[in-house]
Every structure is written in C-alpha cells, then in structure tokens.
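Based on the sequences and whatever the hints tell you, model everything.
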Amino acid sequence: MKKVSIVIMAGAALCALPAPAQFNLAGSWAQRQHEDRGERGGGPQIGDYTGLPINDAARLRADTWSPDQWTVPEHQCEPHPIDYAPLGPASMLITADHDPVSYDVIAWHLTFAWMNTTQTIWMDGREHPPEQAPRTWMGHSVGRWKGDILVVDISHVKEGWIRRNGVPRSDLAKITQYWILHEDILQLVTVVDDPVYLEEPSVRSVAWQAHTGYRMGPYPCSARVELDRPRGYVPHYLPGANPLLRDFSEESGIPWEATRGGAEQMYPEYQEVLKRLLSEDAQ
Amino acid sequence: MNSRAYRRWAGALPLLAIAAASLAQDDSRDGEEPPALSVIPVQGNVYLIAGAGGNIAVQTGDDGVLVVDTGLPENAERVLAAIRTLSDRPIRFVVNTHVHPDHTGGNGTIGAAGTNEGFRDALRSEPVVPIYAHETVLHRLSGAIEDPIDLPVRSWPIDTYHVDKFDMYFNGESIQLRHQPNAHTDGDSIVWFRRSDVIATGDVYLTTSYPFIDVARGGSLQGIIDALNELLDLMIPDRNEEGGTLAISGHGAISDEYEVVNYRDMLTIIRDRIVALIDMGMTPEQVKAAQPTFDYDGRYGIDSTLWSTERFIETIYEEYAE
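Sequence order for the protein chains is Z and U.
The first sequence begins at 1 in my numbering and counts up by one.
The second sequence begins at 284 in my numbering and counts up by one.
Keeping only pairs whose Cα atoms sit at most 25 angstroms apart, straight-line, the calculated SDA-like set for lysine to any residue is:
(1) 571/U to 60/Z
(2) 448/U to 230/Z
(3) 571/U to 239/Z
(4) 174/Z to 586/U
If you're looking for bench data, these hints aren't it; they were derived computationally from the structure.
Below, the structure written as structure tokens:
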C-alpha cells in the first residue's frame, strides 16, 4: 500500500498548480483518451493481462472465461462497473444537489456516456448502508475533501472486471477515487484493493477536459435471445482448454510469461525481466 | 445441554455453523449483547430482517403481517421487536422456505404473537397463525420422515402443499410458493411476492458461501442449479442489468438478477469441471487436488469443521460419480 500511496502522492504533486480547494465538479466533461489504448474501442485481446496486479485465482477465471457469455441474455446489458466505466467511452455530465439554505453540496451525480450509468457521491456525511443492502454497478459512494482533492470511498459494488476480457474484480473490493482539478483538466485516480483477485492494489488514472458544448445522448439496452441455447447454458472453457489464450502473445510478440500479469509488472524493474524474456524468446 | 436436546439439534449443527460463519457473528458469547438485527426495506411491501439466523422476509399491509422464515429460536423475541418497528398490524401468516432451524426456529414464538381468525387449533379451537411450507418440512418435523430436527408442535407447518406451487393473496398482493425439488433440501420453497417484485429464496441462493448441499435431507447440486435457473426465469432486471426483481438470499445480501446469474454461472462451471475430472477417471482425492473451485474460493470458500470447500467438492463428486 505504501507504493500505492507514493503513486497517488506523485499524481497529486504533478497537479499541484494553484487550484481552488473544494472545486466545483458540475458541468460537462469530454474524455481525454490519451492512455490505456488497449481498453478502448474493441477492447483488449483474450489472454492480455499485461500490467495487471492479478493473482492466480484471477488468472484461472480469465483463462476459462468465454466471450460467448455475451450471447446469454442475462449478460448482454451489463454496463461497466465504477472502476472500469471511467475508461470509456466516458464523457461525463456532472450535476449537484445543494442544501437549499446553506448551498452546501449534498451530492454529486456523475453520469457516464457509456450506457448512461450514474455515480452518486454523497457529501452529507452519511454512512454506507448495511452489509445486506443490494450491490450496484456504481456502488455506494461517500466523498470528503482532503485539501483540494475529493476522496471518494465506494462500497456495495457488484462483481465486475479489471479488464473486459474476463479478468475479474470481486464484490469484496474496496475502491477509492481521488478527483483532482488542474485548470480545465479533471483527473481521476482509482485505487482498487481486491482481496480475492489482486496481489496488490490496482491504480489507474484517467482525465477529462471541460467541454461546455457536450450533449449526452441516451444509451438504451434491451437483451435479446440471438441464439437458441439450452436452459441454464453457461459458456466457459475448462482449465487448459481455451484455444484463444495464446493468440495475444503470438500476434503481439510479447512473451507468453509477460502476458500473464502480476504485481511485479506495475514497477519499472520489470523492464529488465521483459528484456530477458524477449532475449530468451529470440534464441 | 442434555442428551435429548443435543440429539434434537445434532442434525441442525451444520446449518447453525453456516449461519454463524456467514453472518460473521456469534450470538452466544457470554455476557455480551447480541448484535443488533438489520431491518432493511427491500421493495414494495417487503422488508428484510437480517442477523437472526437465516434471512427473514416480512410483508406488511392493511391485512396484517406475513413472515417468511423466523430465524434461530433464541433470536425470536428480537425478531418480533423488529417486526413491530415495521407494522403494528397482527401477524397473520408464517411461511418456511425449508426445514432447517436457522429458518424455522422462531416459528413458535412468532406464530404465538399473532392471530388469524380463519385458522383454528384443532385441539383448543383457538385462532392460530398458520405456518405454510412444503409438506416434507412437516414430515421431517413431525417424524413422518425420520429427522433429528425436533421443534415443538406449535412450530410445525399446519398447512402444506405437495405439488409444484401454492398460491396465496394477502395485503393486495399475489404470493406464490414454488417448490424446488431436491435442491438445498427436499422441501425448499421460494416465495414470490408478485406485486412487490421480490423473491425470498431460502438457502437455494446465498451470497456468503458455496451452498450447503444437505444430501441427508435430499439436497443436490443439480437441484440447486435448477432452482437458480427457475429464479432467473422469474427475475427481470430494470435497465442495465440492475434492480427490477430483487431476491432476498437465504444468507447475505439482497440481490438482483446479476448476482443470481453469477452464482448460477459459478456453480455450473464448478459442476462441469468436476464432471470432466470424473470422466477422466479421477478419484475424489485427485479431484480435490485439482482444485476445481480455486478461482472462486477467495469469495465463496468456507472452512468450518462441519461444512467446508473440501466437503462441497466431495459432495458434488458423489452426486455425479453415481
């Protein structure tokens, strides 16, 4: 966790130019798609776990995951969960509820373009609901200001994914957001600490630019039976039987071992490991 | 505890252990206040009371109160107090999803606190609160099917059904009990509140651990998977695979279709893996060594002396190796 804190501190330091404390998030924001290219558009290839601090349990679930899952009606209209939704397409509309007397912000409502999911960040000091309350894609968010950074603690999230090629994130994960404003750039750093599927917390950042002319469109989804399946059909591969798993390594030239993820891949020292693996592959 | 009382509860011990583990609490700690029960609005007229053993669903309205499952006997008075925070109308009906004492243990106390003029005690002609359940629940409690669970007569169901479903109408709402054969036990009912759009699932669906398959009472993994598929047939989400029909799990959280489909997927995948290993000629020990549940153990694994992930795998092996 110490290393994670350093990453967050470093991110905050880079944005430490004058910014008003407790800034106003409300408005429309266009996404800056300048990082994490693999998560955009068609998304990552099967078997690409590069850079993810996943453990063996996550690896097995991802290895046995089948994209055929999206033919099952119950899985067709799943939006991205709160820790993946900001990766996009995620231009945002943000509104606020104010106390009618003090004008203090009671809640921020952040609506993401992809499937119009809305995160509500409660700023009125309320606690999270009881353990037995329902889980949602956006979770239950409670915000507090730490200087000029809005820190958001999120609970009650549905099981989701670290990467949309079957790499899981459990519903026991603790998710923390750090919102930072740098002039007209709004930056989000998300830390996911999942005791089930991560060796170390996953840390990602994304950014938006203020865009007053942005208009969000509706994004409805209704599930359809596109293929007749037996009742209870669950697409998956048995362990060791996924024929697509090595395609990413073979097509990209990234050594198989390096496609498998792991906490060590988050650190610069891994470059030396990668050089060695590439050298071994070349021989 | 005397030997007779011990025998009464011996059959229930695995369930008590699961309830305790899943709720991460121990109500029996000497000198300590038991943890407060959680009372959570679910949807429509239906509420959840959690922390008394198995989850309890409560439907309220002008006609009175209907209670699905009643928790452990030692928590019954606290459950009554929780019900009274929801409604001061009389308790009119009790429904049991299955026979286990963490779901039926409060039947007597909670039934005695209510009244229903339409139902009379055969011996004393007093109005009583009818307890509904599948008939095997009565058979087991009454000894018609030999079973160590032994609740007082006043805790037994007085009105049972033996077909695939049983219909009720109460508080302006259609309610259906749907039997799930050979699932968690041989007498599981899911209770569907059609206007509120809520289903009390009993222990065919949990969010806390792998399911307890009570083979001695007719349970099977395939029955649980079939029950989950039936739940999925009944559940319709609101937008984005969220909300809509809500399920009150036997233990753990309120869920929508997404959680139920994930649980179904997990059990189906584990079943398919174990069947594949059986087909390869593996012994139970070899199957356990292959860790067919490895990627789910961190979330659903259980390790008590009476029910464990290892026993879960063995039970599935025994079911499909036949």
